[in-house]
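2 protein chains.
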Amino acid sequence: MTTSSEADAHPSEQPKLSKKAAKKEEAKLEKLRRRLEASSAVSGAAEEEEEEDPLAANYGEVPLPDLQSKEEVGEPYTEVGALGEGMQGRSVLVRGRAQAIRAVGKKMAFVVVRERGFTVQCVVTEQEGSVSRQMVKFVASLNRESIVDVRGTLTVPSSPIKGASQQVEIQVHKLHCVSKAFPTLPINLEGAARSEAEIEKALQAGEQLVRVNQDTRLNFRVLDIRTPANQGIFGIQSQVGNIFRQFLLSEGFIEIHTPKLIAGSSEGGSAVFKLDYKGRPACLAQSPQLHKQMSICGDFGRVFEIGPVFRAEDSYTHRHLCEFTGLDVEMEIKKHYFEMGLDFYVQVMDIVDQLFVAMFDSLNASCKKELEAIGRQYPFEPLKYLRKTLWLTFQEGVQMLKDAGVEIDPLGDLNTEVERKLGQLVLEKYGTEFYILHRYPLAIRPFYTMPCYDNRASSNSFDVFIRGKLLGHSTCQQTFSD
Amino acid sequence: MTTSSEADAHPSEQPKLSKKAAKKEEAKLEKLRRRLEASSAVSGAAEEEEEEDPLAANYGEVPLPDLQSKEEVGEPYTEVGALGEGMQGRSVLVRGRAQAIRAVGKKMAFVVVRERGFTVQCVVTEQEGSVSRQMVKFVASLNRESIVDVRGTLTVPSSPIKGASQQVEIQVHKLHCVSKAFPTLPINLEGAARSEAEIEKALQAGEQLVRVNQDTRLNFRVLDIRTPANQGIFGIQSQVGNIFRQFLLSEGFIEIHTPKLIAGSSEGGSAVFKLDYKGRPACLAQSPQLHKQMSICGDFGRVFEIGPVFRAEDSYTHRHLCEFTGLDVEMEIKKHYFEMGLDFYVQVMDIVDQLFVAMFDSLNASCKKELEAIGRQYPFEPLKYLRKTLWLTFQEGVQMLKDAGVEIDPLGDLNTEVERKLGQLVLEKYGTEFYILHRYPLAIRPFYTMPCYDNRASSNSFDVFIRGKLLGHSTCQQTFSD
Numbered sequence: 006m007t008t009s010s011e012a013d014a015h016p017s018e019q020p021k022l023s024k025k026a027a028k029k030e031e032a033k034l035e036k037l038r039r040r041l042e043a044s045s046a047v048s049g050a051a052e053e054e055e056e057e058d059p060l061a062a063n064y065g066e067v068p069l070p071d072l073q074s075k076e077e078v079g080e081p082y083t084e085v086g087a088l089g090e091g092m093q094g095r096s097v098l099v100r101g102r103a104q105a106i107r108a109v110g111k112k113m114a115f116v117v118v119r120e121r122g123f124t125v126q127c128v129v130t131e132q133e134g135s136v137s138r139q140m141v142k143f144v145a146s147l148n149r150e151s152i153v154d155v156r157g158t159l160t161v162p163s164s165p166i167k168g169a170s171q172q173v174e175i176q177v178h179k180l181h182c183v184s185k186a187f188p189t190l191p192i193n194l195e196g197a198a199r200s201e202a203e204i205e206k207a208l209q210a211g212e213q214l215v216r217v218n219q220d221t222r223l224n225f226r227v228l229d230i231r232t233p234a235n236q237g238i239f240g241i242q243s244q245v246g247n248i249f250r251q252f253l254l255s256e257g258f259i260e261i262h263t264p265k266l267i268a269g270s271s272e273g274g275s276a277v278f279k280l281d282y283k284g285r286p287a288c289l290a291q292s293p294q295l296h297k298q299m300s301i302c303g304d305f306g307r308v309f310e311i312g313p314v315f316r317a318e319d320s321y322t323h324r325h326l327c328e329f330t331g332l333d334v335e336m337e338i339k340k341h342y343f344e345m346g347l348d349f350y351v352q353v354m355d356i357v358d359q360l361f362v363a364m365f366d367s368l369n370a371s372c373k374k375e376l377e378a379i380g381r382q383y384p385f386e387p388l389k390y391l392r393k394t395l396w397l398t399f400q401e402g403v404q405m406l407k408d409a410g411v412e413i414d415p416l417g418d419l420n421t422e423v424e425r426k427l428g429q430l431v432l433e434k435y436g437t438e439f440y441i442l443h444r445y446p447l448a449i450r451p452f453y454t455m456p457c458y459d460n461r462a463s464s465n466s467f468d469v470f471i472r473g474k475l476l477g478h479s480t481c482q483q484t485f486s487d
Numbered sequence: 006m007t008t009s010s011e012a013d014a015h016p017s018e019q020p021k022l023s024k025k026a027a028k029k030e031e032a033k034l035e036k037l038r039r040r041l042e043a044s045s046a047v048s049g050a051a052e053e054e055e056e057e058d059p060l061a062a063n064y065g066e067v068p069l070p071d072l073q074s075k076e077e078v079g080e081p082y083t084e085v086g087a088l089g090e091g092m093q094g095r096s097v098l099v100r101g102r103a104q105a106i107r108a109v110g111k112k113m114a115f116v117v118v119r120e121r122g123f124t125v126q127c128v129v130t131e132q133e134g135s136v137s138r139q140m141v142k143f144v145a146s147l148n149r150e151s152i153v154d155v156r157g158t159l160t161v162p163s164s165p166i167k168g169a170s171q172q173v174e175i176q177v178h179k180l181h182c183v184s185k186a187f188p189t190l191p192i193n194l195e196g197a198a199r200s201e202a203e204i205e206k207a208l209q210a211g212e213q214l215v216r217v218n219q220d221t222r223l224n225f226r227v228l229d230i231r232t233p234a235n236q237g238i239f240g241i242q243s244q245v246g247n248i249f250r251q252f253l254l255s256e257g258f259i260e261i262h263t264p265k266l267i268a269g270s271s272e273g274g275s276a277v278f279k280l281d282y283k284g285r286p287a288c289l290a291q292s293p294q295l296h297k298q299m300s301i302c303g304d305f306g307r308v309f310e311i312g313p314v315f316r317a318e319d320s321y322t323h324r325h326l327c328e329f330t331g332l333d334v335e336m337e338i339k340k341h342y343f344e345m346g347l348d349f350y351v352q353v354m355d356i357v358d359q360l361f362v363a364m365f366d367s368l369n370a371s372c373k374k375e376l377e378a379i380g381r382q383y384p385f386e387p388l389k390y391l392r393k394t395l396w397l398t399f400q401e402g403v404q405m406l407k408d409a410g411v412e413i414d415p416l417g418d419l420n421t422e423v424e425r426k427l428g429q430l431v432l433e434k435y436g437t438e439f440y441i442l443h444r445y446p447l448a449i450r451p452f453y454t455m456p457c458y459d460n461r462a463s464s465n466s467f468d469v470f471i472r473g474k475l476l477g478h479s480t481c482q483q484t485f486s487d
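Sequences listed follow chains A and B, in order. Following the numbering used here from start to finish, the first sequence increments by one per residue and tops out at 487. Following the numbering used here from start to finish, the second sequence increments by one per residue and tops out at 487.
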């Protein structure tokens, strides 16, 4: 709501969420598309009339039949992200999106070409025998986000390039548009990739930059996911799943795929989506919990699943979603989560915390570029975590809070605010933002939770915390033979 | 239906599918459970009266409080699958299920203990100072599938052991029942693990063995998945996903998780499950197709997904399921699937077939035990496949069929029978059961399929075949800028 004035100022970037507005937006796009088609037909004709260009083969739009796989093995493309100073003087062919286009008079134009989050500056300069003035005009009139094939020579400029990720330039010989974008898109990628800090800084300098709002981003998701930060987020999401799996597979777990269409609800606590299954009532699984437990009863020993979880909840916090991807683990424990694992030197509890440590380590090591891309738009500090994860008992947590003047019920649950406070205290005392709290009060855990042998008010269960927020929870239970 | 007489002969192993029968079954189990509890209480009391056993600590049922995590670090367990001749003379502790129990007089009993598909024979012999006659009696009266802790010394018998996977025996000193199974289970694991061939062979020798039917297996899935073959199948399923992922990640793909709750149907062809999404109509995704394509438009380049797919189909073939786990791949191709990939020496088409070759190779190498376990119950021949996968054009396939006297429409689709026939012909001519058929007639592929440049009746699309059956299909298409 605070940006409603901006929304009016930049109507194409700030559509309303309502259905009516969405329809209007669609109609507008359709109108633009038609106008574009009409104008390109006209301008094409006009240009031909204007002047015949002997260098016309070096640029233009590639007609569909020419894209149709005529060359079975063609000239190889170089990825934009792979362009570097070592390739100076080399002739390259790249394909990417025209992210920004800028004409300098009639003889020169710059195009920033982006491929998977990496960008390179391409320079088109009028030159006898290769680049005509019409070609410069064609390039200057490209629609942003169009896909272009660029052929040219790689040069290294004397001063650093600000507007692109690669520190080289392509001196363009040929440029063809492979797929033309609408002349006006609801999201400008440069705007969508901007950080709050940049917008604030510009504002202080008297310049008002466009802020792309969350609703616009969600309505035009296919455009928004092209930003370097979003490319990074999806890359990291993929990597998180990969590390999670590799770690668990190496510890003797197998991956299962439990049914999502089930006859009853899987957990009591959360609302369920109901549907008709060929005349019989069915539900969408709110958790793989029961099927994981069946796998353990079925002698699988150690299982995990990465899959969708459905909850028909009406909550509006960032911790509640109707559909999300759950990372679920279930394992047989012989006596206690402090017992030694299969290989005699890893405690079962270590599997839990080492899983996370492996994930943090691996993301820091293999996703540097992704983390940097995210950090440019959404600055963050690296996570503080210990090599040997801190395990605190619930009682110790309660005591730490008490010492800090926060009195809570030692047999009750922690609320969000108290969790955040405890996170602060743990960071101050132990220097970690990642820790595990165990021996929760029995009364606040599910019915199947195993009580502690030395105190029946406590239970063999634990929660995993990151930056004062619950990351996951676990419960030990009694499993039965059949 | 052909086994209905058997069902009567072995009522506990062959329950009917009807609800009434299922209820009856449940009631019966409940009755048995009560009887068991009563009898064990009585017999326990009777035994005490009978004779006080000074060795009573060496056996018996472990009461729940004793299981409750008292020892934080206890004696380590050895996995049954790890027991081998090299450990002769060593004292071991194993936990597993009592799969088969056999008493030999009053002084000796054998128990086959199973853990995750591996089995070991345990021998309990009356012995002064350690094993009492009451202990032998206790062991002989164990319910099958109960979980037991067995302590004993490992010996290597002079002749091979037939009834267990491990070629060693445990001379038992202590045996405790950790979790007691019902005295009669609807599935006997030895019966459930039996191959058709064994049953036939026994029949010819005049012995009628129990055949556990598919409906019984599905009704008591948690028992059936304990068979070595099913343990193997789930292990391989896990590994298939793993290889698929590792191969694609190494080729620059990222893993995505697309929404399963969507506003409209994802593909025209198949029926859809509808549900109410907070007052608005929603569907379960029949395919990640559209979201994969949006990922490509969103500049991800190469994506894949392993996740549930929902189809409200009424077909009753083994190739149709209402819910299954789909392995989906989508990639940007610059011109043709014959073009060179990112690294300049792998053709895009190679990614497709090498994905499968990597999977076959890796399963053969890393899942030997699982494949053997499956083969014992369901014998099969190893798959014949080539290092360099055979790619045939649709036209070549039609010609091969024609030469073999099978006339089909060169612009039509192949039916299941013709596909099987072509599989045979390919195996005879090329010695492979795995091949790819490409350049399908355009008319029978989805609307977005790219026609071939040299023949508009054909298309840039292919299907992957294994043993004459369709394994997957692919379509090249034109993607747009926005």
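Be aware that a few hints might be false.
It does not matter which identical chain is used: a pair holds within one copy or between any two.
[Claimed, not checked] Mimicking DSSO-like on lysine-lysine, the simulated pairs with C-alpha atoms at most 30 Å apart in a straight line are:
(1) 297 to 283
(2) 374 to 407
(3) 389 to 179
(4) 297 to 393
Quick caveat, the hints were computed from the structure, so don't treat them as lab data. Remember, predicted model here, so these are calculated numbers, not experimental data.
Each hint tested on the structure:
no.: 1; hint: 297 to 283; in the structure: both (26 Å within a copy, 29 Å between copies)
no.: 2; hint: 374 to 407; in the structure: neither (42 Å within a copy, 56 Å between copies)
no.: 3; hint: 389 to 179; in the structure: neither (50 Å within a copy, 48 Å between copies)
no.: 4; hint: 297 to 393; in the structure: within (28 Å within a copy, 40 Å between copies)
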